[in-house]
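Novice: Now for the letters of each chain:
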Amino acid sequence: MVKRTRRFLSSRGVRKFRRNRSAMVALGVIGLYFLLTVWIVATTVVDSIGNKVDALDLSGRPLLGLLLPEMTQARVASNELPGFGLEQGPRKRLEHSRFWYDLATKTMTAIDQIDPASGTTPESILEANAVDARGFIADPEEARAIYSRLDEAFDRLGALNSVDVKLAEVRGEIDRLRTQAEELGELDAKVAALLPVVASEQGLEAEDLLDADPADARDELEDARTALAAAAAAAGIDADDVDADASPELRELAGRVAKLDRLAELAQARVDIENRRELLGFALEDIGSLSASAAGVIEEVGLDAAPIRSLDLDPMAESATVLLDAALEPFTPLAELVDGPLWDAAVTESLLVIAREKSGELTGLIGGQVDRIEPIVAELFPKPVGFEGFMYDVKLLLGTDNQGRSILVRGLYAGKVAIQVGFLTALVAVIFGSLLGAAAAFFGGWVDHAVIWLYSTLSSVPHLVLLVVLSFMFFGTPLQGTLVPLYAAFMLTFWIGPCRVIRGETLKIKELEYVQAATAIGFDRLYILVRHVIPNTSHLMFINFSLLFIGAIKSEVILTFLGLGLAAGTGSSWGTMIAQSKAQVAGEFFWQIGSATFFMFVLVLAFNILTDALQDAFDPKHVS
Amino acid sequence: MWAYVVRRLLYNIPVYLGIILVVMLALRVNDPVTAYLGKNASQEQIELKRVSFGLDRPFVEQYGSFLWRLVTFNFEERSWETEQPVGEIIGSAIPPTMMITIPQLVLTATLSICVGLISAFFRGRPADKVLVFLAVLGMSISYLVYIVMGQYFGAFWLNEKLGGELFAIQGYDTRLSEPGFWATSLPTALHSWVTYCALPVLIGVIVAMGYDTRFYRAVMVEESTKDYISTAMAKGVGKRRIMFVHMLKNAMIPIITRVMITLPFIITGSILAEYYFNIPGMGATLLQAINAKDFPIVQTFTALFAALFIISNILTDVLYALVDPRVRLQ
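Same order as they appear, the protein sequences are chains A and B.
Mind the numbering: the first sequence is residues 1 to 624 in our numbering, read in order.
Mind the numbering: the second sequence is residues 1 to 330 in our numbering, read in order.
If you're looking for bench data, these hints aren't it; they were derived computationally from the structure.
One or more hints might be untrue.
Said to hold, decoys possible - Within a straight-line C-alpha distance of at most 30 Å, the following computed DSSO-like cross-link-like pairs (lysine-lysine) qualify:
{"#": "1", "chain 1": "A", "residue 1": "K16", "chain 2": "B", "residue 2": "K161"}
{"#": "2", "chain 1": "A", "residue 1": "K92", "chain 2": "B", "residue 2": "K226"}
{"#": "3", "chain 1": "A", "residue 1": "K106", "chain 2": "B", "residue 2": "K161"}
{"#": "4", "chain 1": "A", "residue 1": "K3", "chain 2": "A", "residue 2": "K510"}
{"#": "5", "chain 1": "A", "residue 1": "K510", "chain 2": "B", "residue 2": "K226"}
Values in this document were obtained by computation on a predicted structure and should not be read as measured data.
Whenever a hint applies, use it, and build me the whole structure from the sequences.
Specialist: Structure representation (structure tokens):
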């Protein structure tokens with residue numbers, strides 16, 4: 001056995017493979033992932049035995065219990081914590097502190113509501129509400145004292161928050177104002193262009209057009225259009241194609257349609273302008289009142305409200321009144337109103353600048369408050385020390401996801417799931433496919449035809465569709481959401497690749513002399529197949545194993561992403577992590593998708609390099 | 001020649017029959033009616049639905065009638081969700097898919113062949129190594145990550161930087177499906193296409209290029225080891241001429257084969273890209289139908305996809321036979 005292995009390891013192909021340094025590194029990386037899998041499986045088994053025998057319970061242990069399945073669902077800290085202890089902006093830090101504050105509030109209320117008869121002590125409640133290794137300070141009295149300081153600090157924050165909201169409202173109103181003014185300008189221009197044309201066409205004065213009701217105009221337009229369409233159809237041409245060659249009646253009808261179209265447009269534009277003027281007026285009013293109340297709140301919080309107060313907002317109030325009146329007076333050129341002294345764009349712009357400035361100062365203030373809050377939180381929830389503290393920091397190394405679970409733990413556990421799925425699938429697929437392919441090629445005849453028919457059939461449906469349909473088969477059964485549908489789908493589809501390749505290779509080997517010699521000697525066909533032919537295709541089997549491994553991992557990720565693989569809440573996989581992180585990316589939180597991609601990327605890259613090296617070493621002509 | 005074509009056609013008929021058999025069986029393992037109506041449906045409702053769709057007939061009858069409907073292009077049966085005939089659904093789903101897959105196919109093929117050629121030309125030198133490395137890197141990142149990051153960086157982040165909308169995060173303009181729209185207002189149509197379809201196309205091209213470039217490079221490298229190349233070089237033919245006139249032509253056989261194999265993709269589309277970019281194409285419709293357990297659509301779509309694959313297989317075989325006389329004579 002040892003001698004055979006040694007002979008194998010020094011064969012030409014393997015020597016070439018060993019000389020390829022990047023391939024050896026890749027092999028090492030894959031080996032690490034396998035070790036990880038072994039570790040996880042070992043600790044899980046020991047833990048489940050330990051559930052029956054108390055001595056072996058691993059769930060509390062910092063290192064041994066790190067990668068148990070339940071640890072992938074356990075909350076470790078606040079949500080969306082960044083990795084490597086990086087600092088975030090004040091608002092995000094506030095969210096994290098708020099998480100601990102809410103936890104403390106809940107615990108204190110629970111302590112207040114202790115039923116004396118039940119026998120629970122404050123200490124036990126404090127202990128029960130710990131988050132992983134980080135829990136409350138032990139003494140309930142001290143905890144309460146620290147909690148009241150925290151409470152005060154958060155109250156002050158409440159005031160800061162309301163300022164934030166007010167300033168945001170002001171900025172929003174100013175933006176709305178700008179858009180409406182722009183739209184109004186465009187409508188005005190349209191009216192100015194259309195007015196003389198329509199007036200001359202309809203033979204009316206401009207003032208008479210004031211009362212044009214858009215609805216009436218549209219009805220007339222529709223009637224004219226129908227008439228035109230009917231006449232055009234009777235004449236046998238398309239309503240849009242009426243030109244100089246058509247009959248005079250048709251041309252007149254078409255002309256009438258065009259005029260009515262313009263009239264309708266004009267009437268509609270006038271009505272739109274009225275509405276917009278009103279909205280503009282309201283917006284100006286709102287800005288005036290909002291900025292006044294914002295100034296008040298800003299002063300409460302301690303920021304300097306003088307810049308806002310020093311702005312003279314009276315012109316804006318006047319503009320508002322004038323605009324609201326002008327809404328009822330049509331056709332007053334808006335240009336005069338907007339560019340003139342009534343509407344002072346400079347005032348709104350300065351307001352915007354001040355609002356932004358104050359927002360910035362507010363963020364600073366919030367930051368300052370958060371700086372005061374964080375030490376209090378650290379007092380109330382002291383960080384664990386020693387080895388436990390170290391392991392706790394390790395868990396937070398890649399941050400937490402949107403439910404506070406450790407991304408590192410989930411990413412590593414997902415590696416185990418991936419290796420498990422990849423290994424089993426690739427193994428079964430390669431063994432089954434190779435045996436089938438070799439048998440088909442070697443025995444020929446109806447066996448060959450049957451196998452070819454089988455794999456042509458299965459490969460004629462797009463790969464993903466077949467996987468999806470097969471997973472669909474398991475919907476509604478208790479097996480949905482476990483790995484079983486995945487295994488079934490993969491094993492039914494992945495054997496086709498190796499089958500084809502091994503069949504091709506066997507067809508070639510069948511004609512070689514040593515096979516003919518073996519046949520001449522009188523060996524049984526099956527014996528020749530198993531003892532001579534299949535071992536000579538084994539290099540292709542390895543290459544295909546490697547390829548299928550990657551294929552299985554990638555397909556598992558995609559299927560889970562589509563909702564057909566592992567359900568969320570039972571262990572974790574890279575697919576679930578990527579799926580859950582889609583929402584976080586919009587909030588610029590890249591840790592979850594980055595970690596999942598990184599772990600997967602390293603493994604897949606290693607396998608790709610390995611496959612290339614195997615092909616270079618064993619199959620230079622790239623048969624597979 | 002024609003004998004070959006006829007042989008291939010006849011050969012593929014039992015294959016297609018087999019596929020329909022497999023698909024129909026697979027979809028009936030879990031009773032489709034109960035899966036659709038849910039657990040709270042009354043026995044009456046289940047029976048009604050079953051009879052109305054003919055699911056109470058023996059399987060052989062169902063198989064036969066489904067085959068007959070397929071062969072006569074009868075797509076009248078109605079979806080369970082939306083009551084639209086399946087034919088209509090297919091008709092409205094194909095144009096969006098083609099808006100994405102056709103440009104994707106053309107771009108991928110052109111770019112990969114060029115990059116493969118360059119890589120083979122500079123074989124062993126830094127340029128080649130860098131290109132191959134990039135291809136392997138590209139292959140090792142999941143398609144999903146490209147989609148999520150593409151949506152974030154290509155659409156969301158880029159729009160903020162540019163202050164306007166260059167690529168839409170999701171969505172599709174139904175006007176793009178009408179040829180009339182393209183005929184009358186080409187600039188608007190192009191602008192709309194760029195907004196909604198350019199990003200999925202780009203992502204698809206980047207993902208596919210990793211695999212294709214390696215394949216085409218391998219094909220070119222294999223050609224370059226042949227004897228006629230060394231003869232040409234000994235004769236003194238310039239390297240450029242060798243690459244583009246001699247090698248490329250002979251390498252076209254596997255290249256064309258590979259491109260032909262991806263032809264059904266034009267109609268079946270990319271399920272993932274359509275799903276996440278909210279483009280109402282064939283793949284997205286199929287996925288929605290599966291999630292809604294809408295049996296008629298799933299069955300017909302799968303049968304259609306399979307038919308397309310078989311047809312493209314036949315076409316590939318025929319084209320291969322046309323281009324490579326050695327195959328014909330088998």
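Novice: For which of the previously enumerated hints does the structure constitute a violation, in increasing order of number?
Specialist: 1, 2, 3
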